[in-house]
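Starting from the known structure of chain A, arrange chain B on it as the hints suggest.
Taken in order, these protein sequences are the chains called A and B. Under our numbering, think of the first position of the first sequence as 1, with each following residue one higher. Under our numbering, think of the first position of the second sequence as 1, with each following residue one higher.
Since the hints were made in silico from the structure, they are not lab data. Quick caveat, the model's predicted, so the values are computed rather than measured. It is possible that some hints are incorrect.
Per label pair, the in silico range of CB-to-CB distance [what the hints assert, rightly or not]:
id, chain 1, residue 1, chain 2, residue 2, range
1, B, 106, A, 2, 41 to 51 Å
2, B, 274, A, 329, 52 to 62 Å
3, B, 106, A, 311, 39 to 49 Å
4, A, 87, B, 308, 55 to 65 Å
Far from chain A, by Cβ distances over 12 Å, these chain B residues were calculated [what the hints assert, rightly or not]:
id, residue
5, 6
6, 59
7, 253
For every residue, glycine included, the Cβ atom is placed at its ideal position computed from N, Cα and C.
What follows is the residue order along each chain.
Number of protein chains: 2
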Amino acid sequence: MEITLTAPLDMHLHLRDGDMLRLTAPLSADFAGAVIMPNLVPPVRTPEQLRAYAERIDDAMDGAPFMRLMTLFFAPQSEAQLLAAQATPEFFAYKLYPAGITTNSEGGLADMAQAEPTLRLMEELGIPLLVHGESHGFVLDREAEFLTVYRTLAERFPRLKLCMEHITTAAALQLLDEYPSLCATVTLQHLLITLDDVAGGALRPHLFCKPLAKRPEDREALLAAALGGHPRLFFGSDSAPHPRHKKECCGCAAGVFTAPLALPKLAELFAAHGAAERLQGFVSDNACRYYGLQPPPRRVTLCDTPMQVPPLYRGYGQSVVPMAAGECIGWSIKR
Amino acid sequence: MEITLTAPLDMHLHLRDGDMLRLTAPLSADFAGAVIMPNLVPPVRTPEQLRAYAERIDDAMDGAPFMRLMTLFFAPQSEAQLLAAQATPEFFAYKLYPAGITTNSEGGLADMAQAEPTLRLMEELGIPLLVHGESHGFVLDREAEFLTVYRTLAERFPRLKLCMEHITTAAALQLLDEYPSLCATVTLQHLLITLDDVAGGALRPHLFCKPLAKRPEDREALLAAALGGHPRLFFGSDSAPHPRHKKECCGCAAGVFTAPLALPKLAELFAAHGAAERLQGFVSDNACRYYGLQPPPRRVTLCDTPMQVPPLYRGYGQSVVPMAAGECIGWSIKR
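The shape of chain A in the complex, shown without the other chains (with noise of 0.2 Å):
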C-alpha cells in the first residue's frame, strides 16, 4: 500500500541553531515546508534576525527545496514593525509565549492585556498569531486554565488567524469547534500517547515534552479529530531536539524528537485506522487553505515498508534521542 502527499508541511517545528540546527534541518527534508519556531537564545526578534535565521537554515538544507514559514518571537509591536515584518518574505507569523512557560521563553508575555493593540493591527493586516496556550497552573490543567485567554480572543478578534499550537485536550477541540477562526495544531506524540507512557511505568524522559500527554480520553479525541479530517486541525510535529544528555539526566528538558518519523508514523497511523486518505488534509491541505499557502507542490509517497528509527541521530558534535528510538515502524518514506 502507498500514499502519496503532496507538499506535506510540518505547521510547529523547532529547528534549534548552530550545529543542532545543522543536525536536524536535513531530517525535515521530507517537508515541503514547515513553520519554524522563533524560541531561540536570544528569540528571534526582528526581521533581520528571523532573515539571518532563514539563511541558517537554507544553508543547513543544503539546497533541498524547503518553504520555511518563518516566525517572530510575540511582544507588543507598532504598526510600522507590523508591515516591515509582513514585508519581510520570509516572515510567515508571530509566536506568543507566555513568560517561561517552555523552553527558551523565559522573554515571553507576562500580561495578555497589553497584547490588545497589536493584535487589533494583526487582525486587520491579516498576519497569523500562533500561541504556545497554557497557563502558569497545575501542570494538567494549563491547556484548560489558557482556553478563557483563546475564547477572549477570538471573542474580540474574529478575523484574527489564531492558532492554538500543539493542543493535548478534549476541552480544546470544543473551543476548536465553537469559534471558526481557530485552528490548531496537534503533534504526532499526542496522537499516540498519554501521562501513562511518560510515568506509568518507568519515567521516559524522550516522550516528556510541554504540554505534557493527557489522559486517554484526551488522546481519543485528538486522534478522532485527526483521522475524521476536521478543517481547522493541522499537522505540527513541535518536533524539538536536545542534546541526549540534557535528556537524560536529572532536570530533563521538555521536547520530543520527531521530525525524521513523523510522517511514516503518520501513514501507519492513519492507514492502521483506515483514513489514509484523510492524511492529506491534516498534513498540508488544512493549513493550506486556512493559511492561503501555496507550497511547492513536491510529492512523498509513503509505503508499508518498514523502517527500523535510529537509536540516535549524530552529527557535528550533536546526537539526540528520537521518538520510538530503536523501534519499527510499519511505513516508510519511498525513496
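This is chain B only, laid out in the frame that chain A set:
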C-alpha cells in the same frame, strides 16, 4: 525550638538487600523501628526467608537497636502457613501487591478473589494486611480505582487490620473516614509535592515514584490530615533507594529516597504549620495504638538547626541520590 519524639517509626520502608541494604539500613537508624517491605528479588515469601532477611538487616544496622517489623509477600496461604508466620517473632504483616504494579512486584496477586479465604483467616488471627492499592488503569486513576477493592475488603472483613499504603489522594482519605477498621500510611513526598514538582517544569526523576504524586488538592488534603492528627494515618516513608544510574536514565525506576532526611523534614513541616505537638502521633503513637505495637522507648530530639542534605549517599559500591539532594532543611537531629 526542639521536638523530642519517643520511638519514631517508619511504617513503610524499603531497605533492599546486599550492598544497598548495607548502605541504606544505617540511614534509617534514627527511627526506633520500621515496617520492612518484602519486594526483594525473589520476594520474601517464607518465615525462613523473613528471619534470614531480618538477620541481614541486623548485621547492616551494626548494633543499632531497631525494631524491624518484617513482612511477607502476600499469596494465598493455608492456616498452617499463617500460624507459622505468626509464630515467627520478627513477623508483622503480609504485604499485598497487585501483580506488576511497582518495583519487583511481578509475582504479586492477579485476582483479589483468590485472596479471600486467606483474608478471613488473617482477620480471625489478627494478622494485618498491608496493600499497595493501585489498579492497572491510567496512572492518575489507579488509586481511585482501587478504592472499591478496599471498600469491599473493609465490608467483608470488618475486623481485618487493613492498611492502605502510601495514599496519595483526597478520595483515599474519605474512605479512611468511612471505615474505622482501615488505616493508611502517607509518605513525606506526598505531603510536599504534586505532579507539578515531578513534571511541571523540567522532569525530576528523583521525585518520580509509584503512586505518582497527584493534584494540589490531594496534597493539601493529605497534609491537613497529617497535621490535624488523623488517628489512623501513619508516617510511612516508602523510602525506596535505587542506584543512581537507574534513576538518571531513560526508563527511570520509581522511588524516592527519603529515609535519612525524613525526620528533620517532618519536624520542619509540622513546626512550620504550628503542629509540632502532633508529630509524635503521626510518626509513632497512631500506629502503636492501631497495631498494638510496643517499640523500645528510644528518644530522638529534633532541633531547628539547619542541615544540608548530601548530594549523594555512597558506600559499598552503591550511590543513591536522596530527595532534596544538596538542599538545606531548616531542622536536624540533635546528636
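For this session: Quick one: which hint numbers does this structure break? Sort them smallest to largest.
Result: As far as the earlier hints go, 3, 7 are violated by this structure, in ascending order.
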